[in-house]
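Take the sequences, apply the hints, and build the full model.
Just so you know, the protein sequences line up as chains A and B, in that order. Residues 724 to 1935 (the numbering used here) are what the first sequence spells out, left to right. Residues 1487 to 1810 (the numbering used here) are what the second sequence spells out, left to right.
None of these hints come from the bench; they were simulated from the model. Quick reminder that beta carbons are idealized off the backbone N, C-alpha and C, glycines included. Heads up, a few of these hints could be off.
What the hints assert, rightly or not - Here are the in silico distance ranges between beta carbons for each label pair:
| hint | chain 1 | residue 1 | chain 2 | residue 2 | range |
| --- | --- | --- | --- | --- | --- |
| 1 | A | Leu-799 | B | Asn-1626 | 38 to 48 Å |
| 2 | B | Val-1769 | A | Arg-795 | 51 to 61 Å |
| 3 | A | Phe-793 | B | Leu-1602 | 45 to 55 Å |
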Amino acid sequence: MPWMSPLARIRDALAGQRARDKDLRNLVSNLPYEGLDKWKQPNRHFRNNGIKTTKYSVLFFIPMNLFEQFHRLANLYFVGLAILNFVPVVQAFEPEVALIPICVILALTAIKDAWEDFRRYKSDKKLNRLPCFVYSSKEKCFVEKRWKDVRVGDFVKVESNDIVPADLLLLYTSDPNGVCHIETANLDGETNLKQRRAVPGVCITVSNTDILLIIHAVIRTGCLGFSHPDLVLKQHLVYLKGHETKAMLNNNGPRYKRSRLERRLNIDVIFCILLLFTMCIIGSLGHYLWLESMPSVPLYLVPQTDGHLDTPSLSSFYKFFSMIILLQVLIPISLYVSIELVKIGQIYFITNDLDLYDEETDATIQCKALNITEDLGQIQYIFSDKTGTLTENKMVFRRCSIMGREYPHKENECVRRALKMYIYKIKILMFTKSLPPNQQETEVILDQKLLRQIRGTEKIDAYQDFFLALAICNTVVVSMATAKRLRVSARLTAEFQQTNQSNPLDTLSSLVRRAGSWTRLRAPITSETSANDLTTQGQSVNQTGGQTCSLHVPPQGTAPAVPAGKLCYEAESPDEAALVHTAKAYGFVLMSRTPDSVTVQLPSGAQLRFEVLDTLSFDSNRKRMSVLVRHPISKQCILYTKGADYAIMELLETPYGEKQQKAIASDTQQHLDCYAKEGLRTLCIAKKVLCDGEYESWAVQRQHALAAMDNREQLIMDSAVQIETNLCLLGATGVEDRLQDSVPDTVMTLREAGIQVWVLTGDKPETAVNIGYACRLLEQDDLVINMSCKRNSPCIPRYSEDPRNVDTTPDISLVIDGRTLTMLMSPDLRDRFVDLARHCRSVLCCRVTPLQKSEVVKLIREKLKVMTLAVGDGANDVNMIQAADIGVGISGQEGMQAVMASDFAISRFKHLKKLLLVHGHWCYSRLANMIIYFFYKNAANVNLLFWYQFFCGFTANAMIDHWLMIFFNLLFTSVPPIMFGIMDKDVSAEMLLGLPELYRTGQGKGEYSFFTFWISMLDAFYQSLVAFFIPYFTYRGSDIDIYAFGTPLNTISLFTILLHLSIEIKAWTIVHVFIILGSVTLYFIVTLAYGVRYLNYSGYWTLQAQMVDPMFYLVCLISTVIALLPRYLFHVLKNSITCSPIVEARHLDTLEPSTRDQWIKEWRSFRGRVQDKTSDVSSVSYADPKASLASLSYSSNGYIRSSDSNKTIGAL
Amino acid sequence: MQKKENQEVENRPDNTAFTQQRLPAWQPILSAGIVIPLFVLVGLAFIGIGVALFVTSRNLHVLEVWKNNLLWLNMALYVFFSPQGPVFFYYGLTNYFQNQRAYGVSKDYNQLSGDLDYFTFFFSIVPDSTCKPYRYDVNNKPIVPCGSLANSMFNDTFNLYQMKNGVKEEVPLDGKGISWWTDYNIKYRNPSVNPLRNAFNGTVKPLYWSKPAYELDPTDTANNGFINQDFLVWMRRSALPNFRKLYRRITDGLPAGNYSLEISYNYPVIAFDGKKKVAFSNVSWMGGKNEFLGIAYLVIGSLCLVMSVVMLIIYAKFKFPEED
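And the structure:
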């Protein structure tokens, strides 16, 4: 680098700062400056494309990590104590020895942090090393560079199926229209293709050998009037880099949540501190009294250097601090580290659970929050989204109504059932990966009646219009599937075809053929697969912070005659895809879509190319979308609209005198109601024919709106509303969103586990209620309270009578719509709402906004002080997921936002069952017991020292060598509790799943409560008393020396602590045995070796000497037995007398599997009988359900309707 | 295609007993039915041990003589039992806290292991600073052995005479091997200077000592310096404030009869309100006489038996799983 004055450097740096901070960026191409040194580069101020998500650097790891660790109060406390020990007057240990524990703790944490950071570094490196092509003016071609070497101002070539290395400005594409399509799954999880256009006004000349790029001197992104989404593909100017990409900017750090158990734990740590201080004050006072009681100065008191003694008060003041140092272990220094280790272990087991692995998506559960595993065992309320969470969000066309005639597609049902059976058999036979269900489910079984109807009429009539509308009125992109999505093995498909010659399975085989057919793709097959590798890599990288997106090349212009079967549709919403597939099944095949045209193949084989005049995209206010096309034959302007029923019905042409139209509308409405009751998602299809004049005048307005700078959105919407009037209803469709596998079972189980399940959905009440019944959220004999308010009426619901009446009615379900919910959430009503909701077995909230979802969660969480879990899959669930104690994301169809925001990401709703009932229960009971044990362990061990103070003048002396004391906590007794916390199993997984009510033990206070903590502390005191005083009375008055006395104490303590754990361990595996025996062996080996090796050690040869003395064993034996007797008895009595479900389940666990299942069945039926009885009682007291509900009726405009379920449906 | 399938199952967790938490496990349930035999067994075993301990302890004899603060130079004793085998002769102190930390660390290991470099005075390093304030005298001469522990060494001496027909006959006391073998042979070493006295040139004896370290035992030259048996016994600190330490062994036993104990009383106990005692005791495999442990075993053993009966009642009442 040439010399430059410091001033110039500073000026340059400041200029760079300004350039970075500006909203508008002026970028200069790097080409003219290639080869010049860094100082002359125009874009030197911008950061490079390397991604660094690591927290530390090699050089500064130690100081930075220490700095971070000292943010923990506990660490500061222990360092403070270690330093205090260097002060001679208060010294209790050799100062170096006192440093060991804190050093070990800090080192352990540092190693853990370093390891995590190293993993981040490795994934960064992998990402930064990915290749991409950058144009070099020297070589006159694109040269391969690594991602991290891409600079702002470079020209990058991205090919089909490549991963985009940075935020790019799209300059040129191989498509004549300058269009490319990208998939942003890695950014937001949306798997549909998004269209991007090249920047107009950029002139690019392409010659055979060499690519010349002439860029208008400076591209100013602002001036070109393009917002960010338009900035991608093919040959690009790099525009934002590395850390400045949108993806990186949106990537927040990991979330830190504190579990409920941890909060409880902190209170107990405070108790421990208080206890410690009490003990130290007692010690200090004792020392004072001891000194005071001496008639004069005895020989054994060691005076200061100058020969005088400290006054008793000063000396006891010093002793207070010495005591703190001596007894510091009472505050479990290693507890926090151990908890972290335990949680890592627990998460290891959760992520490795085969039952939580989904074969279809090859996804295991992801644990994003590392420190709230035990909260999974305490959930009381689950808030679930509906679409995509309870349901597949894979839409299947089920029924339609055209021109007032209903086509129920009855064949659908039975054929699919048969198909499912068949696939199931195949799966078993071939032992292969499953068939992806979306292939089966996009399949439409044709309604024969409808088919005849279409075949019969050749002229363009309403039927044809209906299907044309289905095919055209959407934003579906026709493309070839990326190989990544191709999952069916050829073999399997072939067999499938042989056995299923009928047409429904066409697409199945087409999927396989698709890859080969796309010959125009430049990349050979091999490179394509490697591109796919990259995509998958990119995805995995994505989790650690780097973001990329992959590309697909869509067909261009009017595609060459591709066989219809080989098309692949990429839709933004699954509903659209379902409809397009339906149209295709009936012969109306959407062949291609460009911005300007849509090509549709008719059943006759003819292809029609519609000119697309405009697309009025969907928005949530209008709840509909429209496409304006010009018919190629009639040259008419036709507007096809589809949308929610109420959004379309309002806009229908007012049929003056036209009775037929009116009848169609009312018939269709009936059908729609019927669909909704079946739980189908309904859409209305309508059309409108415009005359040219009408269109042109509207087009002018539209252009105006599009060009507007202010209030653009509103204007565009207004213009859309303007044209969407006087529609002519064509028909309606009913699309089924199928329930996911074993959702009803999961919901039932969760409810049996004492968890209240709420469903919060944006769907309308009818659909929601039906899904509610389908997934057994609502039962047939439930009392369903439907709360809804009429539009615009000020509704103030009020309970006319005491809602306590609800208590005795067991099964009440509440259905609320969004508007009512808003009112119920108002400050004056929310208490009563919460009170009512608490007594309801399930609550269904319909038509709620994302914000409302999170408000409901917050309200319940704060008012009832319960543990909440929110589960959802879409962006609209993010608020809710973040508001709940635990957020679970379902990585489904709708994208990654929910997963990104969640603490746990699962792939199916049913996984929730095992996650909560088994892992939640285990994690909670393991951790709770481990923590209690940890407190006990430290207290039991430290109290020995405390009792000894009464016999050594409270001089803070220990009867155990300090090294051994340190080892005791660090080596001999540290691993067993960690293993206990990771591996103990109170009840087997089968039992937990079989008897969901076992989950209730963890809810509320659970095993870790105030009571259990103090019981174990008392036990610790008792055990330490025994472990101290039995040897004391044995050796009292003898010539035993300090360490010979301390050795049996230490040994007794070790045995007591380990055997105590053995009593607590519920299931012994080989690992348990190994670790417990290993700890004992380690104790003896280390102590013996230490006694031999270390001459300065005052207890030289002590254990050896003790071990040849039979008294040692006799003392150890009886002390251990006496110490453990109460706890042992307690457990025995607890297991024999009380019959808590856990104990009973453990008894059942020991039985043979077959008899056990028998027992489980009997148990459940027994419980069921009990529940029946209670409901009988309630039905006696409320013979007439309506009478009972009178007490709940609302005044004025709000109303509650109630009846048993059948009536509710009728009322709806 | 094959490759793709492999990729597909990339994330599939291993199906091993360990990762799936299905390791074969033994799930003991502590319930009444199971523990009854255990309690009976433990109870019987403990009673057995208790009886053995108790009987052994009963066969041991101990004679304790308390000395109050007066100077008793001669004391008449009557031994009314005639224990077999060697009898141990202890001296004891009460209210004497050898187990304080500051007192215990107040010594210089290097000195005591015979390193001559530590027999000199080098300010603030040698002798070890823990010896303060017994490191050096006013003339900056190092104290050897330094420190509070050595300084406070017990220095009464005892002679025991048997009165046979009015004639005093001295009972031979064996002072060999009364300390720990490791202390005598490994931990404590005299400097290898002959004669030993030369090693102590330029040093002073501890303040409270009447004789320098190399003259502790005038009768046996080998029993001097840091490996003097009495010194070693003293340096091994007692665990509890009321203790006894082995003084001598009477190898020939102590027949019943009249004895006279002659004490040269040097050690002050008034300052800490303590008492001295001497004790004669014979020992067995379980050490000196101690009835506590035997009784404890008997009590716990019987308790276990009682408990097993209680358990039996409970078991009968709450049998699980029920047959009904």
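Status of each hint after checking the structure:
| no. | hint | result |
| --- | --- | --- |
| 1 | Leu-799(A) x Asn-1626(B): 38 to 48 Å | holds (43 Å) |
| 2 | Val-1769(B) x Arg-795(A): 51 to 61 Å | holds (54 Å) |
| 3 | Phe-793(A) x Leu-1602(B): 45 to 55 Å | holds (47 Å) |
Taken one by one, the earlier hints all hold for this structure without exception.
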